[in-house]
Amino acid sequence: MPAIAWIQMLVFLLVLMALVKPLGAFMARVYEGRPCGLNKPLGWLERLTYRAAGVKPNQPMSWKTYALALLLFNALGGLVVYSLQRLQGSLPLNPEHLGAVPPYLALNTAISFISNTNWQSYNGETTLSYLTQMLGLTVQNFVSAATGMAVLVALIRGIRGKQADNIGNFWVDLVRSTLYILLPLSFILALILVSQGVVQTLSPYKTVALLQPVSYVQSTTNAAGQTINKTVWVKQQVLPLGPAASQIAIKQLGTNGGGFFGVNSAHPFENPNALSNLLEMLAILLIPAALCYTFGCMVGDTRQGWAILATMMIIFVPLMVGCVWAEHAGNPTIAASGVNQTPSALMSGGNMEGKETRFGVTDSAIWASATTAASNGSVNSMLDSYTPLGGLVPMWLMELGEVIFGGVGSGLYGMLMFVIVAVFIAGLMVGRTPEYMGKKIEAFEMKMATICVLVPPALVLASAAIACVTVMGTSALGNPGEHGFSEILYWASSTGNNNGSAFAGLSTNTPFYNLVGGVVMWISRYFLIIPTLALAGALARKKRVPISSGTLPTHDVLFTCWLVATVVLIGALTFLPALASGPIVEYLHLWR
Amino acid sequence: MWPQIRPAIVVFVILSAITGLAYPLLVTGIAAVAFPWRANGSVVTNDTGKAVGSRLIGQYFSEPGYFWPRPSATSPVPYTSYSGTPASCATGSNSGPTNPALFAAVKRRVARLRAANPTEKGPVPVDLVTSSASGLDPDISAAAAYYQVARVAKARGLPATEVRQLVEHFCRGRLGGVLGSPHVNVLMLNLALDRLSSHKTPRG
Numbered sequence: 153m154p155a156i157a158w159i160q161m162l163v164f165l166l167v168l169m170a171l172v173k174p175l176g177a178f179m180a181r182v183y184e185g186r187p188c189g190l191n192k193p194l195g196w197l198e199r200l201t202y203r204a205a206g207v208k209p210n211q212p213m214s215w216k217t218y219a220l221a222l223l224l225f226n227a228l229g230g231l232v233v234y235s236l237q238r239l240q241g242s243l244p245l246n247p248e249h250l251g252a253v254p255p256y257l258a259l260n261t262a263i264s265f266i267s268n269t270n271w272q273s274y275n276g277e278t279t280l281s282y283l284t285q286m287l288g289l290t291v292q293n294f295v296s297a298a299t300g301m302a303v304l305v306a307l308i309r310g311i312r313g314k315q316a317d318n319i320g321n322f323w324v325d326l327v328r329s330t331l332y333i334l335l336p337l338s339f340i341l342a343l344i345l346v347s348q349g350v351v352q353t354l355s356p357y358k359t360v361a362l363l364q365p366v367s368y369v370q371s372t373t374n375a376a377g378q379t380i381n382k383t384v385w386v387k388q389q390v391l392p393l394g395p396a397a398s399q400i401a402i403k404q405l406g407t408n409g410g411g412f413f414g415v416n417s418a419h420p421f422e423n424p425n426a427l428s429n430l431l432e433m434l435a436i437l438l439i440p441a442a443l444c445y446t447f448g449c450m451v452g453d454t455r456q457g458w459a460i461l462a463t464m465m466i467i468f469v470p471l472m473v474g475c476v477w478a479e480h481a482g483n484p485t486i487a488a489s490g491v492n493q494t495p496s497a498l499m500s501g502g503n504m505e506g507k508e509t510r511f512g513v514t515d516s517a518i519w520a521s522a523t524t525a526a527s528n529g530s531v532n533s534m535l536d537s538y539t540p541l542g543g544l545v546p547m548w549l550m551e552l553g554e555v556i557f558g559g560v561g562s563g564l565y566g567m568l569m570f571v572i573v574a575v576f577i578a579g580l581m582v583g584r585t586p587e588y589m590g591k592k593i594e595a596f597e598m599k600m601a602t603i604c605v606l607v608p609p610a611l612v613l614a615s616a617a618i619a620c621v622t623v624m625g626t627s628a629l630g631n632p633g634e635h636g637f638s639e640i641l642y643w644a645s646s647t648g649n650n651n652g653s654a655f656a657g658l659s660t661n662t663p664f665y666n667l668v669g670g671v672v673m674w675i676s677r678y679f680l681i682i683p684t685l686a687l688a689g690a691l692a693r694k695k696r697v698p699i700s701s702g703t704l705p706t707h708d709v710l711f712t713c714w715l716v717a718t719v720v721l722i723g724a725l726t727f728l729p730a731l732a733s734g735p736i737v738e739y740l741h742l743w744r
Numbered sequence: 003m004w005p006q007i008r009p010a011i012v013v014f015v016i017l018s019a020i021t022g023l024a025y026p027l028l029v030t031g032i033a034a035v036a037f038p039w040r041a042n043g044s045v046v047t048n049d050t051g052k053a054v055g056s057r058l059i060g061q062y063f064s065e066p067g068y069f070w071p072r073p074s075a076t077s078p079v080p081y082t083s084y085s086g087t088p089a090s091c092a093t094g095s096n097s098g099p100t101n102p103a104l105f106a107a108v109k110r111r112v113a114r115l116r117a118a119n120p121t122e123k124g125p126v127p128v129d130l131v132t133s134s135a136s137g138l139d140p141d142i143s144a145a146a147a148y149y150q151v152a153r154v155a156k157a158r159g160l161p162a163t164e165v166r167q168l169v170e171h172f173c174r175g176r177l178g179g180v181l182g183s184p185h186v187n188v189l190m191l192n193l194a195l196d197r198l199s200s201h202k203t204p205r206g
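Here the protein sequences line up with chains A and B, keeping their order.
Quick note, the first sequence lines up with residues 153 to 744 if you use the working numbering.
Quick note, the second sequence lines up with residues 3 to 206 if you use the working numbering.
Incorrect hints may have been included.
As the list claims (entries may be wrong) - DMTMM-like, lysine to aspartate or glutamate: derived pairs with alpha carbons at most 25 Å apart: (1) A:K599 / A:D317; (2) B:K52 / A:D317; (3) A:K358 / B:D49; (4) A:K694 / A:E184; (5) A:K387 / B:E65; (6) A:K382 / A:D317; (7) A:K358 / B:E122; (8) B:K52 / B:E122.
As the list claims (entries may be wrong) - Estimated spans, in silico, between C-beta atoms of each pair: (9) A:A732 / B:P161: 27 to 35 Å; (10) A:A732 / B:I7: 49 to 57 Å; (11) B:P66 / A:C620: 43 to 51 Å; (12) A:A732 / B:G31: 48 to 56 Å; (13) A:I159 / B:R114: 32 to 40 Å; (14) A:N381 / B:G179: 48 to 56 Å; (15) B:R114 / A:P254: 18 to 26 Å; (16) A:C620 / B:A194: 51 to 59 Å; (17) B:G179 / A:C620: 43 to 51 Å; (18) B:S77 / A:F596: 31 to 39 Å; (19) A:I159 / B:S77: 36 to 44 Å; (20) B:H201 / A:K387: 23 to 31 Å.
By construction, these hints were calculated from the structure, which means they are not laboratory data.
This one's a predicted model, so the numbers in the text were calculated from it and none came from an experiment.
Just so it is clear, CB atoms sit at the ideal spot from N, CA and C, and this is done for glycine as well.
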């Protein structure tokens, strides 16, 4: 691995870490209703929304009301995204006259976007009108992210609550997340992206002449059953356009990841150069990382937030380095065919299949690790073509439960479930009643935390097993052998953890994959949100126990290591057998 | 349940109007004023004002007098950016690292490049024999451009040093010496090459 790869990783991590504290503190002010600097330009919009909706912002909700409001809002969103896709043919802002999206695909896309998964069975430029992209997908990019952030804030209120049956007001958390945090950040990022070449227009697609026309042979069969070969000349190229930058900004910031175009951020119109690439990569991890600090601020002890951020970094950094290393090592069979894969000042080298020249191997592999650590799932290179170990890293990062950064809000509330499990196991070992932040962890809390920790792996393994033993599952494979199994395992890991990235050789735009994937994404989102809110409600009602000599500190090095071990052990024990029959076997085959 | 229905609908409508209409339209408006060329696809025109491509979207070249781009997995022809169906727009090969089809394709490309560039005896730069993620990669590595200098110069009857200087002119290093990867924009290089040739041999 060349020195420049280390420098690239270091630059990325340093800029990210520098942004954690300022943004984290800002978000804490937003959620606590303290002045955040944007109250003047945007406060009227917030008040207007509450007045029109009949919401009393100071009226807190019980966890059940909070959950009901959330589910109603998300169900309405799903209905609208589905309807927009089905009706887009007769709606405005459709310059390419795209017809209705088929029902299974529309269903999959609707669930995918409300659940913050943003799995792409659809292909943006050939399937979705500008209106559907804006009013359907862009809106859900915002509000599904805001939903995750709201659940996190509710859980934090539960943790610090003082024997009250309330965890905040969903409408307030939703509106504030959207207006004060996601919207301003997206606005700035979108404008910078346009300045770099990301398209943003309502004009129809543009046709340009090719400098050198290209021909191909088209084979057709006539009525008599004879094959007729005809040479067709292609002299033009169609450039797909659209309001892309505004959607890509929130797609990255809200850990959504669903592309405006089919090939996502590998498309030069989504990600034109090294600067746009750096900004989009930072945007992927920015809010999930900063929320750790917000958490620390809101519970009144920033060390608690830093300990969780440290846990995430301890797991993330070695895996990212491993991915970059594996991609630089390249492919021995290709090297043996008279190909130069050695990095130099003139080229990236390494495994360049499925990667773009302007990013090279390093920036592609950093992105792949970041997008799967966070539950983003956007790609700037094709993960299906990664080396076996390079592909194992993104797959395993998802299988850890999307808690290493994870989704905005959902990553941290997922990690807090692991914290509770870790506290509980530690409590068992020393023979004391486990507690976290002065709240006793008892049977009900453990049940909720266990559901949150175990539902995703159960979904992943079950759906992968179903796809592996049915013709509907295996007929979609894009690669032979163990790599085909990896494609299915990756699909299951991605939908079962609401990530949305893919080993895209698997052709998932079929009724089977659209339906099963849709159900899995739906369960893994809402059957985690409900127990999380129930836990928040239960914690809120408990009285705070004063810190004593028997309290296990949850901000020190020892606990951080213990939390790392808990996350890694659960992830490893659950998925090692499956990983052994996919990427690990493939690695042994390739390098035997 | 009923008390939450009204806020659900009203908040949804308002947030949709803000994030789904006002925000993208505002960004579109500012982009149209501040970055009109980039917001509309970075379209490049030739001397006569005809649109001949986008600076950001690659095109396919197979004539010896042009620099060749990377392989592209799009169909029906390489570098199809859009032609109406999901099967015929930007895509990667998605070939796995042990797929025999990938190894066969690489062998074929190596043989073709060796035959077309007989003076280059060393191994072929990897980006010239592997397909890109988008299938629309506008760039090749600097190494891949230098690999083709002798062939292009011979086909055009230009001195190799002149073609090499042109490649150097179009080489883009890492951003700030750190980010991204060294590359050359193939379409811009080939357009400049055409201009250079037309100066040498004025037509008519």
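- Whether the CB-CB distance between C620 of chain A and A194 of chain B falls inside 51 to 59 Å: Roughly 52 Å apart at Cβ, these two residues keep to the hinted range, so it holds.
- Outcome for the supplied range 31 to 39 Å, where the beta carbon pair is S77 of chain B and F596 of chain A: 56 Å, violated
- Message: Given a hint of 43 to 51 Å, does the C-beta separation of G179 of chain B and C620 of chain A actually sit inside it?
- Response: 47 Å, holds
- Does the hinted range 48 to 56 Å hold for N381 of chain A and G179 of chain B at CB? 52 Å, holds
- Query: Regarding the pair K387 of chain A and E65 of chain B, is the alpha-carbon distance no greater than 25 Å?
  - Reply: 15 Å, holds
- Query: Cβ-Cβ distance between P66 of chain B and C620 of chain A: within 43 to 51 Å?
  - Reply: 48 Å, holds
- Query: Does the hinted range 32 to 40 Å hold for I159 of chain A and R114 of chain B at CB?
  - Reply: Since I159 of chain A and R114 of chain B have Cβ atoms about 36 Å apart, the given range 32 to 40 Å holds.
- That 18 to 26 Å hint for R114 of chain B and P254 of chain A (C-beta), does it hold up? This hint is violated: roughly 40 Å between Cβ atoms.
- Task: Please work out if K382 of chain A and D317 of chain A have their alpha carbons no farther apart than 25 Å.
- Result: 74 Å, violated
- Please work out if K694 of chain A and E184 of chain A have their alpha carbons no farther apart than 25 Å. 21 Å, holds
- Does K52 of chain B pair with E122 of chain B here, judged by a C-alpha cut-off of 25 Å? Cα-Cα ~36 Å, so violated.
- K599 of chain A paired with D317 of chain A [C-alpha distance capped at 25 Å]: 20 Å, holds
When each numbered hint is compared with the structure, violations occur for hints 2, 6, 7, 8, 9, 15 and 18.
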